[in-house]
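**Student:** Here's the letter readout for the chains.
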Amino acid sequence: MLKRWKQYRFLFEELVKRDFKKKYKRTILGMGWSLLSPLLMLLVMRLVFTQFFGRNTPHYTTYLFCGNLIFSYFSEATKSGMSSLMENAKVFTKVTVPKYLFLFSKNVQTFISFLLTLVIFFLFVAIDHLPFTWKFICLLYPICMLILFNIGVGLILSAMYVFFRDMKYLYDVFLKLLGYMSAIFYTIDKYSAMGQNLFLLNPVYLFIRYFRKIVIEATIPSVWFHLLMLADVTIVLAIGCWVYKKYNHKFLYYV
Amino acid sequence: MSILEVHDVSIRYMTGDFKEIGLKEYVMRKLKGEYHVNEFWADRHITFTLKKGDMLGIIGTNGAGKSTLLKAVSGIMEPTKGHVRRQGNIAALLELASGFDGDLTVRENTYLRGAMLGYTRRFMDEMYGKIIEFAELQDFQDRPFKQLSSGMKSRLAFSIASLVQPDILILDEVLSVGDGAFRRKSEAKMREIINGGATTILVSHSVQQVRDLCTKVLWLHKGEQKIFSKDVQGVCDQYEEFLGEK
Numbered sequence: 001m002l003k004r005w006k007q008y009r010f011l012f013e014e015l016v017k018r019d020f021k022k023k024y025k026r027t028i029l030g031m032g033w034s035l036l037s038p039l040l041m042l043l044v045m046r047l048v049f050t051q052f053f054g055r056n057t058p059h060y061t062t063y064l065f066c067g068n069l070i071f072s073y074f075s076e077a078t079k080s081g082m083s084s085l086m087e088n089a090k091v092f093t094k095v096t097v098p099k100y101l102f103l104f105s106k107n108v109q110t111f112i113s114f115l116l117t118l119v120i121f122f123l124f125v126a127i128d129h130l131p132f133t134w135k136f137i138c139l140l141y142p143i144c145m146l147i148l149f150n151i152g153v154g155l156i157l158s159a160m161y162v163f164f165r166d167m168k169y170l171y172d173v174f175l176k177l178l179g180y181m182s183a184i185f186y187t188i189d190k191y192s193a194m195g196q197n198l199f200l201l202n203p204v205y206l207f208i209r210y211f212r213k214i215v216i217e218a219t220i221p222s223v224w225f226h227l228l229m230l231a232d233v234t235i236v237l238a239i240g241c242w243v244y245k246k247y248n249h250k251f252l253y254y255v
Numbered sequence: 001m002s003i004l005e006v007h008d009v010s011i012r013y014m015t016g017d018f019k020e021i022g023l024k025e026y027v028m029r030k031l032k033g034e035y036h037v038n039e040f041w042a043d044r045h046i047t048f049t050l051k052k053g054d055m056l057g058i059i060g061t062n063g064a065g066k067s068t069l070l071k072a073v074s075g076i077m078e079p080t081k082g083h084v085r086r087q088g089n090i091a092a093l094l095e096l097a098s099g100f101d102g103d104l105t106v107r108e109n110t111y112l113r114g115a116m117l118g119y120t121r122r123f124m125d126e127m128y129g130k131i132i133e134f135a136e137l138q139d140f141q142d143r144p145f146k147q148l149s150s151g152m153k154s155r156l157a158f159s160i161a162s163l164v165q166p167d168i169l170i171l172d173e174v175l176s177v178g179d180g181a182f183r184r185k186s187e188a189k190m191r192e193i194i195n196g197g198a199t200t201i202l203v204s205h206s207v208q209q210v211r212d213l214c215t216k217v218l219w220l221h222k223g224e225q226k227i228f229s230k231d232v233q234g235v236c237d238q239y240e241e242f243l244g245e246k
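The listed protein sequences correspond, in order, to chains H and B.
By our numbering, the letter at position 113 of the first sequence is numbered 113, and the numbering carries on one by one without gaps.
By our numbering, the letter at position 170 of the second sequence is numbered 170, and the numbering carries on one by one without gaps.
One thing to keep in mind: the hints can contain errors.
Which stretches of chain B does chain H cover? Using the computed rule of at least three CB atoms under 8 Å from a CB of chain H, they are [said to hold, decoys possible]: (1) 22-28; (2) 73-87; (3) 119-125.
Straight line, CA to CA, 25 Å or less: simulated DSS-like cross-link-like pairs of lysine-lysine [as the list claims (entries may be wrong)]: (4) Lys-21(H) <-> Lys-250(H); (5) Lys-25(H) <-> Lys-24(B); (6) Lys-168(H) <-> Lys-226(B); (7) Lys-52(B) <-> Lys-246(B); (8) Lys-30(B) <-> Lys-176(H); (9) Lys-246(H) <-> Lys-24(B); (10) Lys-23(H) <-> Lys-90(H); (11) Lys-90(H) <-> Lys-190(H); (12) Lys-185(B) <-> Lys-17(H); (13) Lys-90(H) <-> Lys-146(B); (14) Lys-226(B) <-> Lys-250(H); (15) Lys-51(B) <-> Lys-30(B); (16) Lys-21(H) <-> Lys-146(B); (17) Lys-3(H) <-> Lys-79(H); (18) Lys-190(H) <-> Lys-23(H); (19) Lys-146(B) <-> Lys-245(H); (20) Lys-246(H) <-> Lys-190(H); (21) Lys-246(H) <-> Lys-185(B); (22) Lys-79(H) <-> Lys-190(H); (23) Lys-130(B) <-> Lys-17(H); (24) Lys-30(B) <-> Lys-246(H); (25) Lys-226(B) <-> Lys-81(B); (26) Lys-6(H) <-> Lys-245(H); (27) Lys-250(H) <-> Lys-222(B); (28) Lys-17(H) <-> Lys-135(H); (29) Lys-250(H) <-> Lys-146(B); (30) Lys-25(H) <-> Lys-168(H); (31) Lys-146(B) <-> Lys-22(H); (32) Lys-168(H) <-> Lys-222(B); (33) Lys-250(H) <-> Lys-81(B); (34) Lys-79(H) <-> Lys-24(B); (35) Lys-222(B) <-> Lys-246(B); (36) Lys-146(B) <-> Lys-23(H); (37) Lys-246(H) <-> Lys-3(H); (38) Lys-250(H) <-> Lys-90(H); (39) Lys-176(H) <-> Lys-190(H); (40) Lys-17(H) <-> Lys-6(H).
Read the hints as simulated data drawn from the structure, not as lab findings.
We put the beta carbon where it would ideally sit given N, CA and C, even for glycine.
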């Protein structure tokens, strides 16, 4: 593992550099967009939804930001991850390189955007007069899990995208649906206990919930909550690795 | 000691319906039982070994399975049957100018390609000047790659792969690019690499080039191995005769 890392480190760094340059090519603000777009999104949602949900929800701005922060990282990472393999079809049909590097490179890029947004998020938390407790350290757990989860989903999607180009459109629809089901801008306490439990089946909701618990409620979720998250991530990652292992030499025929 | 051993390699290639159709078509055709995948053997029972310093020329008409074989040798494709054993690092130049990124500069592309070929950063830092000098692209270093002519692109690709002493170098139609002056220069470079002990595989439609450079020759015809021999001149004579008959 370490040897492989050493061997491909240079390539990986160059790929990350390339992806960055390509993403912000011909934009004046460049990286600034990674900060600005979630903020604009937040502003719009804040204006629109405060009338409906904001009155009874304490710290609604932070509540909303938690949802947006997680969900936009997830959708960015998986969407760019999906096309990573196809975009590099010209490369992996000519040179022997580990194919997952293309996906990792995209994930590094979205992770850095996420980190920048996270800084702004903490700023908002401070403005919202929420106390920073030692429990914030626990946020490292959902962040690490989310990185792995995004990689897992990205592996699956990028493989599927090679076989079916429809995936792009299907996934857009799916993301929209998932967004509505992740309680980003509404609260779930109007649902029955059963209904509330159904939300736990949505892995993205788990990440959002974890953030809200720590930041707004200053409580650490239960052990079961941690394990549920771990199970989701493990399953997705395992499927992703399996797909890549199985089709590693078949992608070539489909591009 | 053999550097490269290709033992009874057969490669089944797939083409057919699956490539351009979408999800809907796929489901429809599966249901109707009209989903067809054509499989054909691009290469069949190819066996050869190369020793250190050998230069193999692969000849054959279009569709003989040359490029597919090279993909198996370089590890991009896995043989359906048989096995390929390689010793040492391998640099494959297949369809040279592709795989570069048009939006990046020449410098960035050089590093990226170097990384893909498995070089280290330190090595690239050392060699970068030489690579650009050999490719004669000193004035283009910070230009976007897409502004280069196709000859320049191939020159760069050749320079990156050849200046670095790989153990096995694979060249697919590489030397037929560039103008006369560069071609002479690259052939001289090739000889230098061979004399330096590298094992090289060259695919070329120019029989003359194979005669001039190669020490071994492999003739493929419709995926079958016709001849593998050290008698380069003899096989080339036969091949030219064969071409003449057609």
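**Student:** Take the hints in turn and mark each one as holding or not.
**Tutor:** Here is what the structure says about each hint:
1. Only residues whose beta carbon comes within less than 8 Å of a beta carbon in chain H count, and the region 22-28 of chain B has 4; three or more means the coverage holds.
2. Taking a C-beta to C-beta cut-off of 8 Å, the region 73-87 of chain B contributes 5 residues in contact with chain H, enough for the three needed, and the coverage statement holds.
3. Here the region 119-125 of chain B counts 4 residues with a CB under 8 Å from a CB of chain H, which clears the bar of 3, and the coverage holds.
4. Between the alpha carbons of Lys-21(H) and Lys-250(H) the distance comes to roughly 30 Å, so the proposed pair goes past 25 Å and is violated.
5. Taking the CA atoms of Lys-25(H) and Lys-24(B), the gap is near 35 Å; set against the 25 Å cutoff, the hint is violated.
6. Between Lys-168(H) and Lys-226(B) the alpha-carbon distance is near 46 Å, which puts this suggested pair outside the 25 Å criterion.
7. Taking the CA atoms of Lys-52(B) and Lys-246(B), the gap is about 36 Å. The hint is violated against a cut of 25 Å.
8. This hinted pair does not check out: Lys-30(B) and Lys-176(H) have alpha carbons roughly 29 Å apart, beyond 25 Å.
9. Pair hint Lys-246(H) plus Lys-24(B) holds up; C-alpha atoms about 24 Å apart against a cutoff of 25 Å.
10. A threshold of 25 Å between alpha carbons decides the hint, and for Lys-23(H) with Lys-90(H) the separation of about 19 Å falls inside it, so the pair holds.
11. Using a Cα cut-off of 25 Å, the hinted pair Lys-90(H) and Lys-190(H) is violated, with the two alpha carbons roughly 51 Å apart.
12. Restraint check for Lys-185(B) and Lys-17(H): not satisfied, since their Cα atoms lie roughly 33 Å apart, outside the 25 Å limit.
13. Taken as a hint, the Lys-90(H) and Lys-146(B) pair is honoured in the structure, with Cα atoms around 15 Å apart against an allowance of 25 Å.
14. This hinted pair does not check out: Lys-226(B) and Lys-250(H) have alpha carbons roughly 28 Å apart, beyond 25 Å.
15. Taking the CA atoms of Lys-51(B) and Lys-30(B), the gap is about 48 Å. The hint is violated against a cut of 25 Å.
16. With a CA separation close to 15 Å, the supplied pair Lys-21(H) and Lys-146(B) stays within the 25 Å bound.
17. The suggested pairing of Lys-3(H) with Lys-79(H) is violated, with an alpha-carbon distance near 30 Å, which exceeds 25 Å.
18. For the suggested pair Lys-190(H) and Lys-23(H), the alpha carbons sit about 42 Å apart, so the restraint of at most 25 Å is broken.
19. Between the alpha carbons of Lys-146(B) and Lys-245(H) the distance comes to roughly 34 Å, so the proposed pair goes past 25 Å and is violated.
20. At roughly 45 Å between alpha-carbon atoms, Lys-246(H) and Lys-190(H) are farther apart than 25 Å, so this suggested pair is violated.
21. Between Lys-246(H) and Lys-185(B) the alpha-carbon distance is near 44 Å, which puts this suggested pair outside the 25 Å criterion.
22. Distance restraint check for Lys-79(H) and Lys-190(H): the Cα-Cα separation of roughly 32 Å exceeds the 25 Å cut-off, and the hinted pair is therefore not satisfied.
23. Our distance criterion of 25 Å between C-alpha atoms is met by Lys-130(B) and Lys-17(H), whose separation comes to about 23 Å.
24. Of the supplied pair hints, the one linking Lys-30(B) and Lys-246(H) holds, its CA atoms being roughly 22 Å apart against a limit of 25 Å.
25. Only pairs whose Cα atoms come within 25 Å are accepted, and Lys-226(B) paired with Lys-81(B) is accepted, the gap being roughly 19 Å.
26. Distance check on the hinted pair: Lys-6(H) and Lys-245(H) sit about 21 Å apart at the alpha-carbon level, within 25 Å; holds.
27. Among the hinted pairs, Lys-250(H) with Lys-222(B) is consistent with the structure: their alpha-carbon atoms are about 23 Å apart, no more than 25 Å.
28. Among the hinted pairs, Lys-17(H) with Lys-135(H) is inconsistent with the structure: their alpha-carbon atoms are about 35 Å apart, more than 25 Å.
29. Pair hint Lys-250(H) plus Lys-146(B) does not hold up; C-alpha atoms about 30 Å apart against a cutoff of 25 Å.
30. The straight-line distance between the Cα atoms of Lys-25(H) and Lys-168(H) is roughly 23 Å, inside the 25 Å bound, and the hint therefore holds.
31. Straight-line distance between C-alpha atoms of Lys-146(B) and Lys-22(H) comes to about 14 Å, which keeps the hinted pair within the 25 Å bound.
32. Between Lys-168(H) and Lys-222(B), the direct Cα distance comes to roughly 39 Å. Violation of the 25 Å bound is thereby established for this hinted pair.
33. About 15 Å separates the Cα atoms of Lys-250(H) and Lys-81(B), which keeps this hinted pair within 25 Å; it holds.
34. Proposed proximity of Lys-79(H) and Lys-24(B) is supported: the alpha carbons are some 21 Å apart, at most 25 Å.
35. Note on Lys-222(B) and Lys-246(B): the hinted pairing holds, with a Cα-Cα distance of about 15 Å set against a maximum of 25 Å.
36. Using a Cα cut-off of 25 Å, the hinted pair Lys-146(B) and Lys-23(H) holds, with the two alpha carbons roughly 17 Å apart.
37. Under the criterion of a C-alpha separation no larger than 25 Å, the hint pairing Lys-246(H) with Lys-3(H) is consistent with the structure, at around 23 Å.
38. In summary, the hint linking Lys-250(H) to Lys-90(H) is supported, as the alpha carbons are separated by about 15 Å, within the 25 Å threshold.
39. This hinted pair checks out: Lys-176(H) and Lys-190(H) have alpha carbons roughly 22 Å apart, not beyond 25 Å.
40. Between the alpha carbons of Lys-17(H) and Lys-6(H) the distance comes to roughly 18 Å, so the proposed pair stays at or under 25 Å and holds.
When the structure is compared with the earlier hints, violations turn up for hints 4, 5, 6, 7, 8, 11, 12, 14, 15, 17, 18, 19, 20, 21, 22, 28, 29 and 32 and for no others.
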